[in-house]
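Visitor: Sequence:
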Amino acid sequence: MEQMTRVQQNTLRKIVEAAIELMSEKGFHRVSVQEVGKKAGICEKTVFRYFATKKSLLDEIIRYREYASELKREFENRKTWDLAHDLKLAARLYFQATKAKRNAFRAYLSALDSVDTNGDDFLRDPRELHSFLCDYMGAMQEKGKVREGDVGLMVRAFVNTLHGYMLMYCLNDDSKAWQDKVASMKLTIGLFIQGFSRQCTSCGA
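Throughout the sequence shown, residue numbering follows this note's numbering, covering 2 to 206 in sequence.
Treat each hint with caution, since some may be false.
Claimed, not checked - Listed below are the simulated DSS-like cross-link pairs for lysine-lysine, each with C-alpha atoms no more than 30 Å apart in a straight line: (1) K182 <-> K100; (2) K182 <-> K73; (3) K73 <-> K187; (4) K56 <-> K39; (5) K89 <-> K182.
As the list claims (entries may be wrong) - Okay, the calculated beta carbon distance ranges per label pair: (6) E26 <-> W82: 35 to 45 Å; (7) A85 <-> G42: 44 to 54 Å; (8) G28 <-> L124: 19 to 29 Å; (9) S132 <-> D181: 30 to 40 Å; (10) L113 <-> T47: 24 to 34 Å; (11) F49 <-> T6: 34 to 44 Å; (12) E77 <-> L168: 24 to 34 Å; (13) L154 <-> F49: 23 to 33 Å; (14) Q195 <-> G139: 14 to 24 Å; (15) S33 <-> D136: 43 to 53 Å; (16) E45 <-> R74: 37 to 47 Å; (17) Q35 <-> R199: 53 to 63 Å.
Just so you know, the hints here were simulated from the structure itself, not pulled from any lab data. Where a beta carbon is used, it is the ideal one built from N, C-alpha and C, also for glycine.
Whole structure, please, built from the sequences with the hints as guidance.
Guide: Here it is in structure tokens:
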């Protein structure tokens, strides 16, 4: 799509946010372009001018609200080079950021059974989280604060676990059940911190 004016950008945002809200509630296939337009307060023809197909609208939903660069900036500004503090910070920032994509992810999942979607777009943020945490953990190894081992594998295990909890959050509408998952997540993060910490190598771990 060529360079858009501010008005066009605002229209696109309205379309995408309306589609996210509707599709997260009803599913991709049960939402019509006409409904999206009505929800956004614009006509159906205008929606089609921005998105020729529902598939192209879904692709934009997947790309919407990418957060990795902002998450990295926040982490770099607030890290203290204390492993426990910094891994808890990374986890907290990750879940704060993914809350904004909860409905977008639900819309994406509702289309998986019959639409060829580009899931790589949705995984871009976790991959970038993995990349800058690898840099951090490598530096912590050099400082003698993280045990020896393959940093990439350590970080992949940590990020994959966070991503798994994020998926449960996206799919779970039971707030009480989710609170139980939060307690489990905090325990899991604590175990990662213990496992990555340098002192574990000197205690027979």
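Visitor: Is it true that the CA of K56 sits at most 30 Å from the CA of K39?
Guide: At roughly 19 Å apart (the allowed maximum being 30 Å), K39 and K56 satisfy the hint.
Visitor: Does the alpha-carbon distance linking K89 and K182 stay inside the 30 Å limit?
Guide: 16 Å, holds
Visitor: Is the gap between the beta carbons of Q35 and R199 within 53 to 63 Å?
Guide: 60 Å, holds
Visitor: Given the hint of 37 to 47 Å, is the C-beta distance from E45 to R74 inside that range or not?
Guide: 39 Å, holds
Visitor: Starting from the range 34 to 44 Å, see whether the pair F49 and T6 falls in it by beta-carbon distance.
Guide: 19 Å, violated
Visitor: Indicate whether the distance between the beta carbons of E77 and L168 respects the range 24 to 34 Å.
Guide: Given range 24 to 34 Å: holds, Cβ gap about 26 Å.
Visitor: Does the beta carbon distance between L113 and T47 stay inside 24 to 34 Å, or does it fall outside?
Guide: The hint (24 to 34 Å, Cβ to Cβ) holds, given that L113 and T47 are roughly 28 Å apart.
Visitor: Could one say that the CB atoms of Q195 and G139 fall in the range 14 to 24 Å?
Guide: 20 Å, holds
Visitor: Note whether the CB distance of L154 and F49 lies within 23 to 33 Å or breaks it.
Guide: Given range 23 to 33 Å: violated, Cβ gap about 47 Å.
Visitor: With respect to the beta-carbon atoms only, verify the hint that E26 and W82 lie 35 to 45 Å apart.
Guide: Holds, at about 44 Å.
Visitor: Quick check: does the Cβ-Cβ distance between G28 and L124 fall within 19 to 29 Å?
Guide: Once the Cβ atoms are compared, 22 Å apart, the range 19 to 29 Å for L124 and G28 holds.
Visitor: When you take the CB atoms of S33 and D136, is the distance between them in 43 to 53 Å?
Guide: 46 Å, holds
Of the numbered hints stated above, those contradicted by the structure are hints 11 and 13, listed in ascending order.
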